[in-house]
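Working from the sequences, and respecting the hints, build out all of it.
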Amino acid sequence: MSDYEKMKRTWEADVEKTTQRFPERKEKFQTSSELLIDRLYAPDKENDTYNEKIGFPGQYPYTRGIQPTMYRSRYWTMRQYAGFGSAEETNERFRYLLEQGQTGLSVAFDLPTQIGYDSDDPMADGEVGKVGVAIDSLKDMEQLFDQIPLDKVSTSMTINAPASILLAMYIAVGEKQGVAPSKLTGTIQNDILKEYIARGTYIYPPKPSMRLITDIFAYCQENLPKFNTISISGYHIREAGSTAVQEVAFTIANGMAYVDAAIEAGLEVDQFAPRLAFFFNAHNQFFEEAAKFRAARRMWAKIMKEHYGAENPKSWKLRFHTQTGGSTLTAQQPDNNIVRVTLQALAAVMGGTQSLHTNSRDEALALPTEESARIALRTQQIIANESGVADTIDPLAGSYYVEALTDEIEKEANAYLERIQKLGGAVQAVEEGFMQREIHSAAYEAQKRMEAKEDIVVGLNEFKVDEEIHADLLRVDEALERSQIEKTKQVREGRNEAAVEETLSNLRNAAKTTENVMPHIVQAVKQYATVGEIANILREEFGEYTGM
Amino acid sequence: MKPIRVLIAKPGLDGHDRGALIIAQALRDHGMEVIYTGLRQSALQIARAAVQEDVDVVGLSSLSGAHKSLFPKVVQALKDEQAEDIPVIGGGVIPAEDIPFLEQQGVKKIFTSGSPTDAIAIYIKQLFEGGTVQPPKKIAHIGIAVERIDDALPFYQHSLGLSLEAVEEVESEQVKVAFLALGETKLELLEPLSEDSPIQTFLSKKGPGVHHIALEVDDIQARLEQYKQQGVRLIHEQPKTGAHESQIAFLHPKAANGVLYEVCQPKE
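Protein chains in written order, with this note's numbering: chain A, 1 to 548; chain B, 549 to 816.
Hints were generated in silico from the structure; no laboratory data involved.
These figures come from a predicted structure and were not determined experimentally.
Any given hint could be a false lead.
As the list claims (entries may be wrong) - Computed from the model, here is a short list of chain B residues facing chain A with C-beta under 8 Å: (1) 563; (2) 586; (3) 604; (4) 613; (5) 614; (6) 630; (7) 637; (8) 641; (9) 643; (10) 662; (11) 666.
Claimed, not checked - Pairs of lysine-lysine residues, derived as DSSO-like cross-links and limited to a Cα-Cα distance of at most 27 Å, are as follows: (12) 776(B) / 464(A); (13) 464(A) / 550(B); (14) 453(A) / 550(B); (15) 448(A) / 657(B).
What the hints assert, rightly or not - Part of the chain A face toward chain B, derived, beta carbon under 8 Å: (16) 125; (17) 131; (18) 330; (19) 333; (20) 334; (21) 338; (22) 443; (23) 451.
Backbone N, C-alpha and C define an ideal beta-carbon position, used for all residues, glycine too.
Below you can see the structure in the form of structure tokens.
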């Protein structure tokens, strides 16, 4: 039997097994003309390039996707990032989105929470509840997930420097609902390197930050085996102005740094690597974006297998979430953004994403209104249910253009990886500002091309109209900051202060040694110690990062 | 002359500094000295940095929605440091309806999303070099509306003795033009190609005669931004392609005592 035949048979056996657990959505897929749609289209004879570079879905190197049946069995998870104001308001939006058919939650926290400040900290002034929900203590977290069963819903949390604290609160809320930690599913972003590079919500210097991350890896391996311990994010790198190649290269370089750190901390690669998740952007250039996801998947598989010697196929699979590109949206003619988002979402689906957030049309102006958020979700539902693009696996495979782009993105990104390895790895490269400089120069070039009209942005530098002021924007109530401060004050007054002191002092002692801090953080949040109090203990022990 | 010094600052906790960094770079390319504070600056830190660095202007960037609280605090902190003469400008994700409030709080100017970096640079330059506007280089041509070019040409060619340089049709304006060289300038005869042509409108209203005066400029885009900033009413805010592939735009006659001016930048 030829190699090709063997690979094909393995895939067919995989399909057999998978469909027993996850049957396909339909008995028979067909077009409007009643033409039958095959599960997969592939070369009909021996083809070495195909075997080596592309292969079958659910098989190394996963160019065609990580599952053997992909969207024939289940669509991607539609997961809209949401959060603003108070926990009660956000809880209401969550329940609305779930009612509308959303299949997973994604929490946006406000900046003070993301940087480890309580709402009454002077640094939080003016920022409480603005870009996400304000969480100070377990009390807020209980309200955030009120009437949302944590054993039924998976939750993604965009939280990085204080990831351990919010994860601990999630565990505590689960326990209050009677859900054991081992049943919890979801993702914490927990990717500090891209915060130094592009997003800015760092607290501690790189070294102790990496330790907090590997502490979480170790803790979750034992206690939350179904939770994704990190979401290694290219999204924000791209938003900061990188190219598609840089997005892939820097994200994978960061991923390698986390794998290195975990191995250094004594963890087994095949134990933690299956829980690593990724997060990419989707911009407008349709084919390049689709090819980018395929290239990233192939690169990661090779790196995990060949460089790290991982043996568990789950360690080779790059699972990723996608969000459409916020920075591609325009404040001018905001309804045009619906079209941009559709193209970007389609590219993500063509690239085989596991979950997707579609941006709302008004996000270049403010947080989305309920109506805009609904249109964004409907965009995904239309792609899934009406377009037919999910009825066969990886339909772009074999396109001369897409395969060439996939190869070239891989090649260029590998060249970056070599440069970063020469600098001593991603942590070193970040500290030296290498990635930051590369991204800034790409961003500046793009701005100049746009201003010279070499790049056309519809409605911005061409096809303009005189516009009315867009008045229908979501506003966060300015009174929220005061009521949130009041709420946290009451929590402090009502808790057992001695128990809080004790758990915080245990945490401090653990931070001084190499003991895992996670169990102590879980104990502290259960006593209603606040995000700011816990983060401050670690600030005192670890120091603060002050930028380049 | 001493270069303009600018402090670009990120107040509050927002970590998105792509815009701030691009503006800093663009202003440097315009010959300014730019100091960037980095992230998470308090109002007091920004005011003190402005004083210490002896800057001429402070530019704030915020994308977190906290501008209504943060920007006025910077204005106040500058006052407290006896530096209220340093103008504060701002940008980021700022809904247009917040602008009047911010201006009333002492922020001099807000540039919203999509503002070209050139416009920001020109605005800053004007704050300090307001009196030194570059005049146009010359009269590029004088436009004369005629019913038919063929009927008008004999006077210009035979009586005045001018030589005909070129005749071409400008699709976008529905007009046929004939250029006649005259010293360093030209006369441009304009014949309407259809009822929709602006020249036809002019002829119907006023009859044949002088239609417009065209002024040659460098960098038409920057020039239009500058006129706009000064409140000069424009017919075209963006240049478009005219005869000989030059970039052209018209100013509104109400801005110039009833004269229709065109600014044009010849193709390089």
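Supplied contact hint for residue 443(A), tested at 8 Å Cβ to chain B
holds, 5 Å
Going by Cβ atoms only, is residue 666(B) closer than 8 Å to chain A?
holds, 7 Å
Is the interface hint satisfied for residue 131(A)? The criterion is a beta-carbon contact with chain B at less than 8 Å.
Since the shortest Cβ distance to chain B is 5 Å, the answer is holds.
Restraint outcome when residue 451(A) is required to lie within 8 Å of chain B by C-beta distance:
holds, 5 Å
Against chain A, run the beta carbon of residue 613(B) and see if the smallest gap drops under 8 Å.
Since chain A brings a Cβ to about 4 Å from residue 613(B), closer than 8 Å, the hint holds.
Is the shortest C-beta separation between residue 330(A) and chain B less than 8 Å?
Holds: closest Cβ of chain B sits about 6 Å from residue 330(A), inside 8 Å.
Is the interface hint satisfied for residue 662(B)? The criterion is a beta-carbon contact with chain A at less than 8 Å.
holds, 5 Å
For the restraint on residue 614(B), tell me whether the closest CB of chain A is nearer than 8 Å.
Holds: closest Cβ of chain A sits about 4 Å from residue 614(B), inside 8 Å.
Per the CB criterion, is residue 630(B) less than 8 Å away from chain A?
Since the shortest Cβ distance to chain A is 23 Å, the answer is violated.
Are the Cα atoms of residue 453(A) and residue 550(B) separated by 27 Å or less?
violated, 32 Å
Take the shortest C-beta to C-beta distance between residue 643(B) and chain A; is it under 8 Å?
The hint holds - residue 643(B) has a Cβ within 8 Å of chain A, the shortest such distance being about 6 Å.
Residue 338(A) was flagged as interface toward chain B. Is the shortest Cβ-Cβ separation under 8 Å?
violated, 18 Å
The structure does not agree with the numbered hints 3, 6, 7, 13, 14, 19, 20 and 21 stated previously, though it agrees with the rest.
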